[in-house]
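Asker: Residues per chain are reported as follows:
2 protein chains.
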Amino acid sequence: MVHKRKLIPHLRRSMNICIVGATGLVGRTMVRVLEERSIRPDRLVLLASARSVGERIPFYGVEHSVEELTENSFKGLDYALFSAGGAISKQFAPISAASGCVAIDNSSMWRMDPDVPLVVPEVNTEDLSWHKGIIANPNCSTIQMVVALKPLHDAFGLKRIVVSTYQTPSGAGQKGVDQLEAEIEGRTPTSRISSHSVAYNTVFHKLDAVGQPSEEETKMMRETRRIMHLPDLRMAVTCVRVPVLGGHGESVAIETVKPIDPHSVRDILRNAPGVVVADDPASDVYPTTLSAGGSDDVYVGRIRQDTSVENGLLMWIVSDNLRKGAATNAVQILEALL
Amino acid sequence: MVHKRKLIPHLRRSMNICIVGATGLVGRTMVRVLEERSIRPDRLVLLASARSVGERIPFYGVEHSVEELTENSFKGLDYALFSAGGAISKQFAPISAASGCVAIDNSSMWRMDPDVPLVVPEVNTEDLSWHKGIIANPNCSTIQMVVALKPLHDAFGLKRIVVSTYQTPSGAGQKGVDQLEAEIEGRTPTSRISSHSVAYNTVFHKLDAVGQPSEEETKMMRETRRIMHLPDLRMAVTCVRVPVLGGHGESVAIETVKPIDPHSVRDILRNAPGVVVADDPASDVYPTTLSAGGSDDVYVGRIRQDTSVENGLLMWIVSDNLRKGAATNAVQILEALL
Numbered sequence: 480m481v482h483k484r485k486l487i488p489h490l491r492r493s494m495n496i497c498i499v500g501a502t503g504l505v506g507r508t509m510v511r512v513l514e515e516r517s518i519r520p521d522r523l524v525l526l527a528s529a530r531s532v533g534e535r536i537p538f539y540g541v542e543h544s545v546e547e548l549t550e551n552s553f554k555g556l557d558y559a560l561f562s563a564g565g566a567i568s569k570q571f572a573p574i575s576a577a578s579g580c581v582a583i584d585n586s587s588m589w590r591m592d593p594d595v596p597l598v599v600p601e602v603n604t605e606d607l608s609w610h611k612g613i614i615a616n617p618n619c620s621t622i623q624m625v626v627a628l629k630p631l632h633d634a635f636g637l638k639r640i641v642v643s644t645y646q647t648p649s650g651a652g653q654k655g656v657d658q659l660e661a662e663i664e665g666r667t668p669t670s671r672i673s674s675h676s677v678a679y680n681t682v683f684h685k686l687d688a689v690g691q692p693s694e695e696e697t698k699m700m701r702e703t704r705r706i707m708h709l710p711d712l713r714m715a716v717t718c719v720r721v722p723v724l725g726g727h728g729e730s731v732a733i734e735t736v737k738p739i740d741p742h743s744v745r746d747i748l749r750n751a752p753g754v755v756v757a758d759d760p761a762s763d764v765y766p767t768t769l770s771a772g773g774s775d776d777v778y779v780g781r782i783r784q785d786t787s788v789e790n791g792l793l794m795w796i797v798s799d800n801l802r803k804g805a806a807t808n809a810v811q812i813l814e815a816l817l
Numbered sequence: 480m481v482h483k484r485k486l487i488p489h490l491r492r493s494m495n496i497c498i499v500g501a502t503g504l505v506g507r508t509m510v511r512v513l514e515e516r517s518i519r520p521d522r523l524v525l526l527a528s529a530r531s532v533g534e535r536i537p538f539y540g541v542e543h544s545v546e547e548l549t550e551n552s553f554k555g556l557d558y559a560l561f562s563a564g565g566a567i568s569k570q571f572a573p574i575s576a577a578s579g580c581v582a583i584d585n586s587s588m589w590r591m592d593p594d595v596p597l598v599v600p601e602v603n604t605e606d607l608s609w610h611k612g613i614i615a616n617p618n619c620s621t622i623q624m625v626v627a628l629k630p631l632h633d634a635f636g637l638k639r640i641v642v643s644t645y646q647t648p649s650g651a652g653q654k655g656v657d658q659l660e661a662e663i664e665g666r667t668p669t670s671r672i673s674s675h676s677v678a679y680n681t682v683f684h685k686l687d688a689v690g691q692p693s694e695e696e697t698k699m700m701r702e703t704r705r706i707m708h709l710p711d712l713r714m715a716v717t718c719v720r721v722p723v724l725g726g727h728g729e730s731v732a733i734e735t736v737k738p739i740d741p742h743s744v745r746d747i748l749r750n751a752p753g754v755v756v757a758d759d760p761a762s763d764v765y766p767t768t769l770s771a772g773g774s775d776d777v778y779v780g781r782i783r784q785d786t787s788v789e790n791g792l793l794m795w796i797v798s799d800n801l802r803k804g805a806a807t808n809a810v811q812i813l814e815a816l817l
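From first to last, the protein sequence lines stand for chains A and B. Residue numbers for the first sequence follow the numbering used here, beginning at 480 and rising by one. Residue numbers for the second sequence follow the numbering used here, beginning at 480 and rising by one.
Calculated from the structure, these hints are not laboratory results. Just so you know, these numbers come straight off a predicted model, no measurement behind them. Among the hints, erroneous ones may be present.
One copy or two, it doesn't matter: identical chains are merged, so the pair holds either way.
Claimed, not checked - The list that follows gives simulated cross-link-like pairs (lysine to aspartate or glutamate, EDC-like), each with its CA atoms no further than 16 Å apart:
{"hint": "1", "residue 1": "Lys-569", "residue 2": "Asp-592"}
{"hint": "2", "residue 1": "Lys-638", "residue 2": "Glu-789"}
{"hint": "3", "residue 1": "Lys-685", "residue 2": "Asp-763"}
{"hint": "4", "residue 1": "Lys-685", "residue 2": "Asp-759"}
{"hint": "5", "residue 1": "Lys-554", "residue 2": "Asp-521"}
Taking the hints into account, I'd like the entire structure generated from these sequences.
Answerer: Below is the structure:
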């Protein structure tokens, strides 16, 4: 191969990709996003646990059978998109990397590892340069927020973020959607993401001790600071699940170093990569979770001056958590590597 | 009458009550709350528009027929509980007051009128002393927040509030619940509170110009300042409707003059009137909109230090918007007058 490459330097390197957790909500979305973005790997291998083996998923019109994930799955592959939970990533991402197959991992397992870059392409592509075989894809609620806030940080300097989230149960995977649907239809859910009803209710993510942030709140704080290279960024985060579909909403109040105003913010965000400004209240135009569903963009609206603090701004950020919040961001990392 | 009262000073004054808008969601709840709180008026008159005349609503086991609201409806009555929208209150509350019948008005019509006290009994009963025949009942999302924040203001001094709400469509009355139900069932709603889908979605209340707060956000700011006698209180408010039932949720970040800590806050709120602390994450105990439904209390949980600002605290406040947020607060005002 090395010899061949030398002779024909423009020959495209092989691109053999696998998706680990291909039958999950995010895994299936990854397959769709690869197709939509016209990424044609030489080989696509769909991996999952033994009980999903044989399931078939179409890719460019061809049915692909799901294979069982084993330690030998990564041989001859170049990129592995992981979305099968932290335990699988902990065990298999290092095996993938050791096989020369770069792991792009959607679980929370490696996100805070100093040897693993945590990347949102619109924000910190430069961190891809030092990866050692594993790259972490951030939490969904973090991704959409930093895509909108990075250009504002560049212009005004972020000092503090107060954010409250409105998150769809699909953020917890198919289990979350199943609990919501079962409860809406009056059935007993076969699996649960909360001991409380998810339908018609507000619930929190996994909580630890009294007075402490939830797992999701901790993720948002740590990951935002790491991606934006702002280790001391002041953040107050409250994460709530609400019975919506399509994406997550975020009510965000920021305080900046320089004076900030809604007019400039709209201008900056209109030209920001991956961001769509939807802010025309007179025509009832603003981002909603349902309308963001199926899109790869981050939508921002309700951009208002926050007069309760010096250099304050309020905004409402929405994005499809399974796409930009997971699958699309992972595929964009892949694109940046290619 | 004056003569009789002088002779028998302990004779209870007559108590004849009417409910204006008796067939609405809040009106019906008012009837139930009167009964639950063992308030037995000599006469209860149920008033509504012509098209509801003849509807029957039980009160202490006796069916009461709904009568048409006219300018003569208030003669001989002592208290009128209004919940029929701003236009009806604008027209009829002054007529009620002129007839010697004290109007307790749940609409937004009179809330900012300097001649009308705006009262939450746990917070500012003293303002009842100067009423001139009309007393305003605040907005639902305001009531539950000030009940929880007043004791904290007394102890620590409120400087700033950043709040994001999670409001049930029932806050817009039966129309809101109808749109949600129809959309969940896949029917076309016969009436709407939003041009967007309410089911599975996040929507905003009525918006005005770009960059401006919504009607609901303006209400929360103005009313909170007025009820708490803090005209300069700094507030950042974002109000969102989510497809929940039972009550409104509020993610609240406060900054105080004196140092504040979660332990003291829990102690203070445990002893505060109308407040229940539900904050035991290890057992998954926290307030949810569904679980608050049917209760008259304001529930507070997720009490955490906000380390992103000096003297900061985060909390989650939930209450039944039709009860403490409307009917119960109105009936408590009536009790305070009696």
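Asker: Now tell me, hint by hint, if it's right for this structure.
Answerer: Checked hints:
no. : hint               : result
1   : Lys-569 to Asp-592 : within (11 Å within a copy, 63 Å between copies)
2   : Lys-638 to Glu-789 : both (11 Å within a copy, 14 Å between copies)
3   : Lys-685 to Asp-763 : between (35 Å within a copy, 9 Å between copies)
4   : Lys-685 to Asp-759 : between (36 Å within a copy, 13 Å between copies)
5   : Lys-554 to Asp-521 : within (14 Å within a copy, 86 Å between copies)
Hint compliance for this structure: no hint is broken.
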